[in-house]
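J.: Here's the letter readout for the chains.
2 protein chains.
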Amino acid sequence: MGFLAGQTLVFSFPMKVLASGSIVGKREKQGPLGPYFQQVMEKDDLGEKCWEKAERRMTERAIHTALANGNLSKQDIDLIIGGDLLNQIITANFIAAKFDSPFFGIYGACSTFVEGLILASTAIEGGYGEKVLVFTSSHYQTAERQYRTPLEYGDQYPPYKQWTVTGAGAVVVGKQGQGVQITHATPGKVMDWGQKDPNDLGCAMAPAAAETILQHLKDLRIDFKDYDLVLTGDLGKEGLKIVRKLLNQEGIDPGDKLNDCGAMVYSSKQKVGAGGSGCAASAVVFDSYLVPGLLQGRFKKVLLIATGALFSPLTYNQGETIPCVAHAIALSAPGQEG
Amino acid sequence: MGFLAGQTLVFSFPMKVLASGSIVGKREKQGPLGPYFQQVMEKDDLGEKCWEKAERRMTERAIHTALANGNLSKQDIDLIIGGDLLNQIITANFIAAKFDSPFFGIYGACSTFVEGLILASTAIEGGYGEKVLVFTSSHYQTAERQYRTPLEYGDQYPPYKQWTVTGAGAVVVGKQGQGVQITHATPGKVMDWGQKDPNDLGCAMAPAAAETILQHLKDLRIDFKDYDLVLTGDLGKEGLKIVRKLLNQEGIDPGDKLNDCGAMVYSSKQKVGAGGSGCAASAVVFDSYLVPGLLQGRFKKVLLIATGALFSPLTYNQGETIPCVAHAIALSAPGQEG
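Taken in sequence, the protein lines are chains A and B. Quick note on this note's numbering: the first sequence kicks off at 13 and runs consecutively. Quick note on this note's numbering: the second sequence kicks off at 13 and runs consecutively.
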């Protein structure tokens, strides 16, 4: 049995990343992380009649890649945990219907990926089987038309707005075996600093990210020097600046160890505002950049904090603010002490 | 550490229902379970300007009642797990923002309540703290306008359609202490038998309910005679008939032990089609009927199977079917052997 240190769960044994896989769109492949992305969609609609079906097919590819990478079949999976940005998490639900394993749907907006990894880890710690599949996705076309305006409206694009990453990631977390280790988890509190602009979600999420990072460091009595890299999920460039400022206010200088998955996905030449957002931001960076980096010895320890703006077009129209959440997991290289 | 028997998690110690609370609307109070419901809304809008805010306020009341019933304060809660029927689970997210505890949002349509109880139990089993708060809600007004048509359209009401229960339930699950016990959990697979009619969700969910019940009995090598009561979540009267038929086909006669929370909430005189539906159906029956029944010795063992139609208005318009899921927990009276 693991135990709680403050708000942080210390697992009794490191959870293993037994397999992972991801897929991205063309725009993501053209960004700075392009060389790391192994699987790219030939077209963002994948030949489907609607964007939602394309997102589903894309996500299935990521899952099949993960299973293939781990020499696993669908039958090896004891439990599935998944979610996405769409109303009623339709991508996840329809995919789960094709599996013969129990499924838990989750919704944490863009924090979904790490929420899933934490729930998978606690389930395994609690004795729920050997292998849990976690997956998530986001698609620029499906997200924009649901959360903001249909693209055909030609809405103006302010420089602080982010661009939803088209991509999906899947991970099999397990008990036995070799792989990148998940040693600690710090689930986040929902924070609401009164931000109301759906085009400025990085700003809305920054306090939640800072809070979870600070809580994690305090709970384990550690510092930025204990990590090679601390990556937030999808704050984008503007949100990242705010987190840096909030950490500075607490006397912490993250230096060049702090970065953001969304900000890393696109270059400034790609004209995508403040960078990437979406559930896929942290999921594709995890699979393509963090896991290989930890396996190949480029990093020993990484803290990943997926950030979620719990934004709703309905409550926005009702004049409400945007509550946010950020969940963190500590990753370490195989064999590395937690 | 618990262990998996087939698809069923056998907890290493019984999880305790340390506190619970609920609230219902007037229509629910007028139904057959009326005498059991302790807290009733004076008006379905609770004086709020929109139905969504009313649902939120209603749910907060259920949570405060649960905490008060358990002599607990917000500070006692290590983790919160919640979800509801609304897009982006806005009821749950906005409520979580008022707490100072970590929060996991979940979406399992009307299976949310038991999904939450299972995740809370596995988290506790895995060492995640002592007390986890689980809550869910549904509201006739918010659900109908999101999932079907605004009520003002005066849509026709076929006899097999169900009526969304207005209500909310909250439970604190814990490790130590006295209370109704959760001894086993059988999370369900997503099933899709091709049903497409959003007015006939009981029919869509019935196969998932039957599958989870059969799996649970098989995994634990037990029979209906081992339970005093087996309650599905919100199949309504039509869905319940189908489950009965599916069980009969497997040689099982549930007799009068099988019933459905949704079907129990309203009387046929109330003209609500095939009975109740919604996340609240199982949550309010759990708090008002099952927990007192187990505490007072009317039942020794109960199986509760919350059913969820993972229905989306968008995928319906895209010609898709309605996948469904059902999650079960085994409850036993305090001191009763699991």
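Check each hint, because a few of them may be wrong.
Remember, identical chains collapse to one label, so a pair may be satisfied in a single copy or spanning two.
Said to hold, decoys possible - Below are the EDC-like pairs computed for lysine to aspartate or glutamate, each with C-alpha atoms no more than 20 Å apart in a straight line: (1) Lys257 / Asp56; (2) Lys65 / Glu332; (3) Lys110 / Glu332; (4) Lys65 / Asp204.
These aren't lab readings, by the way, just hints derived from the structure by calculation.
J.: Evaluate Lys110 and Glu332 at a C-alpha cut-off of 20 Å and name the case that applies: within, between, both or neither.
T.: Answer is between; shortest inter-copy Cα gap is 14 Å, intra-copy 38 Å.
J.: Give the relationship of Lys65 and Asp204 under a CA distance limit of 20 Å: within one copy only, between copies only, both, or neither.
T.: between (33 Å within a copy, 17 Å between copies)
J.: Should Lys257 paired with Asp56 be assigned to within, between, both, or neither, using CA atoms and 20 Å as the limit?
T.: Intra 37 Å, inter 45 Å, cutoff 20 Å: neither.
J.: At most 20 Å between C-alpha atoms: does Lys65 with Glu332 qualify within a copy, between copies, both, or neither?
T.: So Lys65 and Glu332 pass the 20 Å test across copies only (10 Å; inside, 31 Å).
Against the hints set out earlier in the document, a violation occurs for number 1 only.
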